[in-house]
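Going line by line, the protein sequences match chains A and B.
Following my numbering, the numbering of the first sequence begins with 1 at its first residue and continues without gaps.
Following my numbering, the numbering of the second sequence begins with 1 at its first residue and continues without gaps.
If you are wondering where the hints come from, they were derived from the structure by calculation, not from laboratory data.
Among the hints, erroneous ones may be present.
What the hints assert, rightly or not - These stretches of chain A come out as covered by chain B in the derived footprint (C-beta under 8 Å, 3 or more residues):
1. 291-304
2. 409-417
3. 434-447
What the hints assert, rightly or not - Straight line, CA to CA, 16 Å or less: simulated EDC-like cross-link-like pairs of lysine to aspartate or glutamate:
4. B:LYS121 / A:GLU305
5. B:LYS421 / A:GLU4
6. A:LYS204 / B:ASP29
7. B:LYS121 / A:ASP360
Claimed, not checked - Now the in silico label distances, taken between C-beta atoms and shown as ranges:
8. B:PRO598 / A:LEU479: 52 to 58 Å
9. B:VAL183 / A:ALA560: 44 to 50 Å
10. A:GLN357 / B:LYS421: 39 to 45 Å
11. A:ILE381 / B:ASP146: 16 to 22 Å
The C-beta atom is built at its ideal place from N, Cα and C for all residues, glycine as well.
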Amino acid sequence: MTREFDPVKLSVLANAFDGIVREMTSGLLRSARSSVINTARDFSCAVLTADNQLLAAAEGVPVHVFGAGPLGEDMVELHDDIREGDAFLHNDPYMGNSHAADHVILVPIFIQGRHLFTAVTKAHQADCGNSLPTTFFATARDVYEEGALIFPCVRVQRDYKDIDDIIRMCRSRIRVPDQWYGDYLASVGASRIAERRIHELAEKFGVDDLVDFVDAWFDYSERLTASAIETLPEYVLHGTSAHDPFPGTGPDGVHLQATLEVKPKQGKIVIDLRDNPDNLPNGLNLTKATATGAALAGILSGIPENLPSNAGTFRRVEVLLRDGCAVGVPKHPYSCSSGTTNLADRVVNIVQAAFSQIDDGYGTAEGAAGQAPAKSVISGIDERNGNPYVNQILVGGVGGPATPYVDGWPTYQRPVCGALLYHDSVEVDEQRYPILIHERTLVADTGGAGRQRGGLATRVTMEPRGESVTLTYGIEGKLNPPKGVRGGHDGAVPSTWVEDLATGERREIPVVGRYDLQSGEKVVSITPGGGGYGNPLERDVLAVLDDYRESRVSLEAAAADYGVVIADGKVDEEATAKARQERLAS
Amino acid sequence: MSEVQTKPSEARYRIAVDTGGTFTDVVLDSTTGDMAVGKALTTYDRVFTGFEASVRRAAESVGWDGDEVLRNADVIVYGTTHATNAVLTGKVAKTALLTTDGFADTLLLREGGRRDAFDSKAAYPPPYIPRQLTFEINERMSAEGDVLVPLDEEQVREILGSFKEQGIEAVAVSFLWSIINDVHERRIAELIKEILPGVPYTLSNEANPTIREYRRSSAASIDASLKPLMADHLGKLRADLQEFGFAGDLLVVTSEGAVLDVADVLDRPVLLLNSGPSMAPLVGAAAAPDRDTVVVCDMGGTTFDVSLVEEGVVRHTREAWLGEPFVGHLTGLSSVAVSSIGAGGGSIAWIDGGGLLRVGPQSARSTPGPAAYGRGGEEPTVTDACVALGYLDTEGFEGGFTLDREAAVRAIDTRIAGPLKMDTLQAAQAILDVSANHMATAIRQAALEQGVDPRGALIVAGGGAGAMVAAAIGVLLEADTVLIPATAGVLAAYGAHRAPIATEFLSPLHNDTRSFDAGSATRAVGDLTSKANVFAERFNGVGEAPNVTYFVDARYPGQAWDLRVYLDAAPDTAVDAAGIIERAFHEEHDRRNGTHDPDSRVEIITWGVRVEIPRPEHAKEEAGVSRTGEVHRTDSIVFGGESFSTQRYRGVTLAPRDKIVGPAVIDQPTTTIVVPPEWNATLDERSNIYLTRKEA
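So here's chain B without its partners, still in its complex pose (with noise of 0.2 Å):
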């Protein structure tokens, strides 16, 4: 940076910040167009703290005074993993679930399936909420919505008036077909305000109106047993940034890779469930709006996360597990689709019984970490390979301290390179090689489920180790560009600065497009144009126009998963809604499944509206000066076995449309970019760097 400078009072800001497990990142923006990014310790005990520090560095990196970015800001949206994390620990409200009689063990049944058939160790897990406090009801309806069994308003008052005493802090009901007829459900409410008031409950129809008893109950159980405490965390926030004299708008982060006011959040804090890795994607959207697939993988020390992005819509799934797919706990409610597999930095290189060379799943994780940080690891990561073959400068790494390149050597000949007879750098180039075929094979797996074929996608790396093994996925995967974010470093932040506000809302309705009901399809769209519109004149000045998109969960007869169908515009009776719906049906199924049933009928499960709130986008200024890149030092470094005389740059000295040929080092603040001897890297103009083959 030549000059510090600061920015007129007059600035308005707008801030996005993300709290994960070790480090609160924070991008910030100002009405200028320029941005800033920062990161400091997650602060636990008060959220607020680290925040307000991460806010602070960035605005310091950039000149501004952080103070006033505060005070200044028109908006914060706030992306937690708190929620995640206390239910995967356990560490929620004590709640009971009412639910019907005879199904007391839905939640500890989930709807079966394993992994590994012959696994002796894997134990059985327990349900969300135990059988001690669940309580079944006597009642009962069918699966038309007729009572079958009345609401026993007697033992209900009677359980529920024995709650107090059990210190319960939530209630969660889930009735069977509650989705068809809700009057059951509803009374409980009433009788929890009467018997419980202040008690927070949560009622399945409302968490998530899907079919599947399982999904729905645990969707409520979850949203219940997260309200005492969400309620606390954001309250707090809220108050400590109002006394900072914060009088914007406090935008939450959600699983469906969008933004809600942060009431909504508190009515509704399941949808604060998978949030942490559900921004990524968004900052694939919009790097490259045209482009059929772009595939986004954020890759940080244990973990590489995949998704989707198709001609700029982000996919979508109802299948995500919070934990370990069928163990863990499934709530159907739609989040952003992203699979996450045990690699990165820190995945641990070991040779298994028959001599084969595995990589992962196991992580140094930061204690002890890579051989290379010096802290008593012994075992080779991915980070030591990269440091063996000279991808990470060890005098400047992010950490904050020196790499141990003999370590990492030594970490790998004594357990890869010995054992397999290669000498240190084949090693290390095989440990690359396997980890960066997990991860292509991840990538092809992700794509492949959703019938999407990666090959020429756009693939956008970030997090703190995607960008070293970028290109190599990209040639794995045959595609010919790979893009590396300006924010790749934070980019879960990044995408949280972009979401726009975004809700939708359901409305279970069978029907059949060869015996259509007109008059019940008319109303339900009718109620869902109305919410659509409520919900939008609330963000009325805070967004743009909102975009309001209706679609369909249809499937053939027989067929047990539905398939959201998205439509051009809200299904009209008059102009013949069930021949468009079943079209649309068709080519989906065909896109999806690789073969469709032209002569039949299709039935309709679900219909559904999407509002999205775009949120206005603050024009980047011309940048003015012209920077030269620096190049702060020349290494030799091996890629593909071969050692190359390779500059290496600093990342903050690079201008727009600045080309680098490989074989080339880009060291930035939070994240190094390898560029390979076959490919170039460019920068756009918002700092993007985009590496392509060089015979491309």
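Isolated chain A (complex conformation) (with noise of 0.2 Å):
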């Protein structure tokens, strides 16, 4: 029947859900309280099917939407009386949410009687009452020292007013509660708008067609992704990365691997990531969502075309999942605090980078991970004031992957999320904080040299305006960069340190954790670049000179790495093919 579905009828509600989605966002990131949402755009909307299968979710965050369909599945398990009006706030990662930090809002949207669709918001907090200002606690050992008020689906509203316990109990446990509220105030908007647009759509064309369409979208979505499938040759892909050590891994860190069957006679590939270390006593651990959600990112990413993100095209990824397993589903009570970034952003590397091994023009190297300084949650109390603050800020990005057409972006934010966040406006960050940026500024020589060039590194220097400021980090890939790939060599390693403003001394601080950064102090963050993709010395000169006039590559590294001599602001073509020609040979 799905064959019959008129096909300009099935465009039309394609493209109807899309637009709802993407209302949702626009409403969201203009209503807004916490810059983490209104800056960084850290949230995502989208409309899940009577069953719970992610429908639409245009511009959404892929860790954050692609394990959306679960979060549906807990509503309808744990309520069955389910009307109008409702809303449900739903955080808790031991089901079906990322971590604690992403709190959802589900509204179930009936149409005469029925509940056929879900409008879900997910948005990072910028406090969500864990027991340090953070709202990634990689160090907490456990559930209970994480501290998180965790809402396993609780209903926050019914007949459309908000169910004031809820509330309250929000408005006591999490820092500055009238942000959180605000934040509470748009999810709840978003997904009003798409009710009533849905409502909308179902006055148009009609229950039954909403529900064909359904089938019919999936089904057109699992024959495109077959046939990109189909395309690929048939191959055993196998990846590894590691994790640097952080407290709770053990010294070697976290070593993670994933088998990758690509089939293209059957359409589909399937992903095991069953062979991994067990839950750690830290809060890197992995959700169903975010280990799901990494996964089918990197398919996403390694994948030359571009395909739809609903669940149809998932039908064709099997991905393989283990309880207790770090990077699969979390036994309680070990902590998932990190579960949205460090091992999943190393899942979306693996994933992504295993499909270069099948050919060039075929997946990307890896990309920059980590919460550098410039990415940090900040927190204390504003003296020019007296307001209390807590909130993530985006200052800097790191170095995105090279793919085999395009160089990495530098405005990447870390392999879940790709680019698609925002970054802060210095000048907006100063009015809020009471911080002083002195810089914000691209470091040569850090994006991994290739045929196409690693992302670069940002560098951020900040001090403190008042007496201090709480800085919570957790910086990744010192000692395992991201990696470049077919011949690509790896981006630069990230460093950061804190220097005394009348000595210039520097200091360490630790890897992971908190720092109070105190007047007369600034801090120096540089994030890592990304990985380059394919042998530099095939670089385009052009592209080589031109990465040296505008300050991305220095002279020295035009030679070393690319074999590229430049004299006088010029190529010297005679010595640059001598050079890469004797390169080659060795």
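Two independent chains are provided; combine them into the complex using the hints.
Here is the structure:
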């Protein structure tokens, strides 16, 4: 029957649902109160079907939305009295959510008395009540030390009105409660917009058409995905990556691996993440949603075609997870506080880079990760007005992965969200928080050399305006920088120190944790660069010259890494040809 | 036209001209109230040549003398895409940027974000000014405007001194927090005048006094880079006009949906960006000042522009990207909110890997063009679908050549009908349906992003292809009326013809409704009022009495995006200005974002005033002669899969208040209006055509 669904209507309705999600996104961005949502755009919106399949997720952050289906499953499993006007608050990582700092609002949408869709917003909170002022508590030994308020999909609105008990709980345990409530209002507002629009669609097209559309749209997406996979050669890909040592990981860090079976005959890809370490006594553990989301994001990045992000596409991808695995389904009470980032980033990297084993033209290099101080959660009291503040700032990006076609982006934020997030305006940050930002500048020679160069790292230097500012951060990739592929070089390692403003003396700070930056000190934060793709000796000479002129690659690196000899601002073609030939021969 | 008649020589004229990429469109009117429309090819080397040709063509069409029109014009309004194209193609002055130490990458980094996370072929875009022409200066202000690092004049002198040798033609200056304390930027201006006399420069706090360093730096850089170019372009035009004997006012169309004196634009050419699509909405605003919501669509060959007018007010935005979102350039300046999608008569229909019919965004453009143009195009386009269905008159097409129906059918059969197992007409209808749906979605999205419900809105459709699909879009948006302006084919020139003289003044000054600083507020409002008065006085006699509107850009604590709230009167601290602003903000926030927080205080970020000087309209004389609509042919045309015997009218023979019952087609010199069977068409006094649904 799906073949018979009017192709025009199919396209119309697909556009309409995409439009609804974009509208939710725009509304949430404009009305939210915390900068991690309204400036960095660290949130996603989606629409699920009646059977909790991801239908539409335009511009959604991959690790947020690709695992959105189980959130809806939790809602219908836990509540047998769902009705119009309800809204549910869900942030339970042991069920369908990512980490506890992602507050999800689910709004079941009823049409003629039937629950047919669910609107989902998932927004990274400025604070979630952790025992420390951070939403990424990487060193928490378990969920109790982590300390977040956990809401296992609890009803927060009935008949379109707040259930005040829940609101009061949040207000009493979340730092800067007005900020939280403003963000909550913005999330509910966005879901209600979706509800209104879907009602309008149902009036126009009729319920039966909407129901049939869902099947037809998934079938179409599945066909498209199958046809993309059918063009790949049959292959078993194996990828590895390692996370730097953190508290709770042991001295070797976390070694991860994945096996990908590309099965063009079945039009299917299977990713096996089961052969990986057990849950760790820290906050790095992934959740079912983030492990699945990271694997899927890696696939969409690794396959050259652009595929729609929905459950139909994902039918052609099987992700195998194990209970009690650090990159699988977490066992309570292991903490998943950093479960959207560190190991999830590594999983995306393993998968997207593994595709490059197939041939030139597939996969990407590894993208940089980590939460350098330039991207830390900052907190304290603003002495200018006496107001407390807590929020994640995103002043600097990291180096994105080179692809077979283009250089890595310098505005990449991390593998799980690519370059979708925005970064902060220095002026807006200085107005909102008592910090002075001395520089935000790209660093030459940090992008992994390659035919396509890795994205550059960013250096940010900050100083507190008042007595002190508390930074909570976690530097990753010092020992395991983003890998280059197919002859591309690795990205540069991150680096961070604190400097005494008076003496210039440098102090090392821990790789992960909390630092109270005092008056008279500044923190220098250099993120990692992205990995390169392909042999740097094959890089277009003019691209190297342009990189040199634009301070992205130094004279020395142009010669050493790329075999391009530049003199007086021009390429010495003879010397370059010779250097490249010699290097290629050796 | 029954009789050619030359107007008496005392008639005065007004000319509005829009120079697009291909055509220069012109609208003329005279003090007698008559109006004429014309088109000629744009001439790039000397814009006046195409301008003059289009004026002559328009004048001749109503029996006026073109020379006399030009000489006896009181006002010429000039709209140009020259600035936009120069920026998009990088053909601007060699410009250097001076910026605060540590922030040379501001233009490169932009504000982050991208459309598609997984597009492995999307390259990161270069900065507007390359890093090698960006110079970091030792200086720094705090967020409160205190000097943290004094300006290093010696360093500045050295850098400026090197510019001549480097061939720098313009200089942009953008320092952090110059909106709070601009003393360093102003000092640089003095040094430029001293060291590089005659070299144009732009200070960021003058180009766009807004927080967010990227937008301000970008506005300053673009502005400076356009100064030499636009001085030359507008200077030449002015000289040519004067030589011809024109002695009136030369006004220039800006992105704000208004016009300014050519001198103002030469000072701030950044105001010319995106000015092209800013005019069509004015037509919508004028056509239906009392309608709650008017959606104005301008559909040409490749692009479909949508803008919104609410209660006669044209919607503005400060997020208009020049080029693609995230990878183009953003100035943060207020401009008419226009969203564009790749959809037009030339949009190509294709079938994707999943077997789904898609239309656009690729376009056949003018070469090879739609298959029906017979210039070698093999891909079926929306125009081809219109030809196959019989909408377009293959004999009398506006391009001046005949359309090849067979080629259109062949393209549709081969690429669409065959693979989808449909017949030609079904496939053509499907192409049109998908295309209309894209446009309806674009409209809905543009409306909804602004929190406006598009249902029941009045749709105003123009552009070469807009009137063919206007009714179809109306059905999808549940609108019962669609308005096709008399000048639908030259929508932008017509808008320019009506545009008011307008500008904005801003004063970025933080305040809070619960700890209100009445002193600074009073000073800011006083300053804005005197600026508004000085501006208005300059145009004494050119326009009518000025409308002065005060506004604030405000937000709830913690929000990052402020909301512009227009106030009924100048904020007066003697009568609870804080309370009035707070209440107005709650209301506006609820309207836009679906929620508001009545207990919350409101932060004021910027105070502003908009001065608008309407230009007088020439009264339209009563149409004396009654004309009867001439049916020039009866065709068989397919609507919704069914064939209808359909009368084709010649638009020029229709009289005001004529009513045409659908199905019908009205052929006009610059556009084709399709009236489906469920619709009627009625002309108003000014020959605007209203399409109305029969049951409505």
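inquiry  = When I compare C-beta atoms, does the stretch 291-304 of chain A have three or more residues closer than 8 Å to chain B?
reply    = holds (count 4)
task = Note whether the CB distance of VAL183 (chain B) and ALA560 (chain A) lies within 44 to 50 Å or breaks it.
result = holds (45 Å)
query = Holds or violated: the stretch 434-447 of chain A covered by chain B, criterion of 3 or more residues with Cβ-Cβ distance under 8 Å?
reply = holds (count 7)
Given pair status - ASP29 (chain B), LYS204 (chain A), alpha carbons within 16 Å = The given pair, whose Cα atoms are some 44 Å apart, is violated under the 16 Å limit.
inquiry  = Looking only at beta-carbon atoms, does the pair GLN357 (chain A), LYS421 (chain B) fall within the given range of 39 to 45 Å?
reply    = Given about 41 Å between the Cβ atoms, the range holds.
inquiry  = Please verify whether LYS121 (chain B) and ASP360 (chain A) have alpha carbons no more than 16 Å apart.
reply    = holds (14 Å)
Given pair status - GLU4 (chain A), LYS421 (chain B), alpha carbons within 16 Å = Judged against 16 Å, a Cα distance of about 12 Å means the pair holds.
ask   = Per the coverage rule (Cβ-Cβ under 8 Å, at least three residues), is the stretch 409-417 of chain A covered by chain B?
value = Our answer is that it holds, as 5 residues pass the Cβ test (under 8 Å) against chain B, meeting three.
query = When you check the alpha-carbon spacing of LYS121 (chain B) and GLU305 (chain A), does it fall within 16 Å?
reply = holds (10 Å)
message = Can you tell me whether the CB distance of ILE381 (chain A) to ASP146 (chain B) sits inside 16 to 22 Å?
response = holds (21 Å)
ask   = Is it true that the C-beta distance of PRO598 (chain B) to LEU479 (chain A) lies inside 52 to 58 Å, as the hint says?
value = holds (53 Å)
Hint 6 from the earlier list is the only one contradicted by this structure; the remaining hints agree with it.
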